[in-house]
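A.B. asks: Dock chain B against chain A, hints included.
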Amino acid sequence: MPTRPVPVLIVDDQAFFRVAARAVLAVTPGFAAVGEACSGEEAVTRVDELAPDLVLMDIHLPGISGIEATRQIRAAHPAVVVVLLSTYTAEDLPADARDCGALAYLNKEDFQPEVLERIWVEREPAL
Amino acid sequence: MPIKVVLAEDSYLVREGVRRMLANEPEIELLAVCEDYDSLLAAIASTQPDVVLTDIRMPPTNTDEGIRAAERLRQVRPAAGVVLLSQYADPAYALAFLERGTEGRAYLLKERVADLDQLLAAIREVAQGGSVIDPKVVEALVAARSRAAPSPLARLTPREREVLSLLAEGRSNAAVAEGLVLSERAVEKHINSIFAKLDLPEARDAHRRVKAVLLFLAEQG
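Read top to bottom, the protein sequences are chains A and B.
Per this note's numbering, the first sequence starts with residue 40, numbered consecutively.
Per this note's numbering, the second sequence starts with residue 255, numbered consecutively.
Please keep in mind that the hints were generated in silico from the structure rather than gathered at the bench.
This one's a predicted model, so the numbers in the text were calculated from it and none came from an experiment.
Backbone N, C-alpha and C fix where the C-beta goes; we use that ideal spot for every residue, glycine too.
There's no promise every hint is true.
[Said to hold, decoys possible] Incomplete in silico selection of chain A near chain B, CB under 8 Å:
(1) A54
(2) V63
(3) K147
[What the hints assert, rightly or not] Computed footprint of chain A on chain B; a stretch qualifies when at least three of its residues, placed anywhere within it, have a C-beta under 8 Å from a C-beta of chain A:
(4) 326 to 338
(5) 420 to 429
Extracted from the complex, chain A is given alone in its bound form (with noise of 0.2 Å):
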């Protein structure tokens, strides 16, 4: 039985990125892009709406950060896996993305298809 593509949640403030991520993910079997999400009050409600599996969560955003949108949306959907996206290396990362529920962290220019799968495919318990 084909298992549904995974649907996948794109926050981040900047066009460019939310293309760029599209692209990535329309090359990357077994995931699909069902949103996008300008802010993280805008993703926390897009997450309540499309019901995702996977949100690609850009750090940087205009009103509550990515990581507290993490937050939020972790409160309100344990099940939903977040994974964070910035420019910032993982050294530089803020002290409380660390504990805000996101699985991993992403260095923008690391995010490519085999990347995110295996991102996926380690946090899913072998069946």
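C.D. replies: Chain B only, in chain A's frame:
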């Protein structure tokens, strides 16, 4: 006729994003998409682009590949333009990129790529031999140089401004002399006076030239 573009960028996300954005533009024909210096040089040789859109740092050394590729392009395909994409406003890279002339050269911060209109405008501009310098790069250059009196360009004579505007088009001293019907020696004197008035007495000559041009372009912009 569409502008023929070769893209080189090692970041998967930026590369795919730019590829996808340009794919929808009828005025752009994307000839090749490269991930490193060697494949970019090969693509330049085999596809004859009008414009190369390239990251600065790429494999193999992740230092200044984009700038070196632009130099190479100047030799093998002088009419082609280059849009250099940089993560940071780095004055040293900007100077190295522009020291042989700003004609057909654009230096853009990657954050501008987010705005398709700005990216397309830069591609169009360099395809026609023009230049685009990111305002943040000009800012960094101006900040890097000692803070002199406001608007040093105001100290230039009308003749010196004419000379500077021709330098900004990437002309050599000889070409400036021809354009203004002056001797080359007279042009050199004007240029030295421009450097002195713009407070650029110490850096290497090519760099002074680029800085003077950038100040001029900044004021025009």
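A.B. asks: Taking the hints in turn, state whether each one holds.
C.D. replies: Here's how the hints hold up against the structure:
1. A54: holds (6 Å)
2. V63: Cβ of V63 of chain A sits 5 Å from chain B, so the hint holds.
3. K147: holds (5 Å)
4. 326 to 338: Not satisfied, violated; 0 residues make the cut.
5. 420 to 429: Check failed, 0 qualifying residues.
In summary, the numbered hints that this structure violates are 4, 5.
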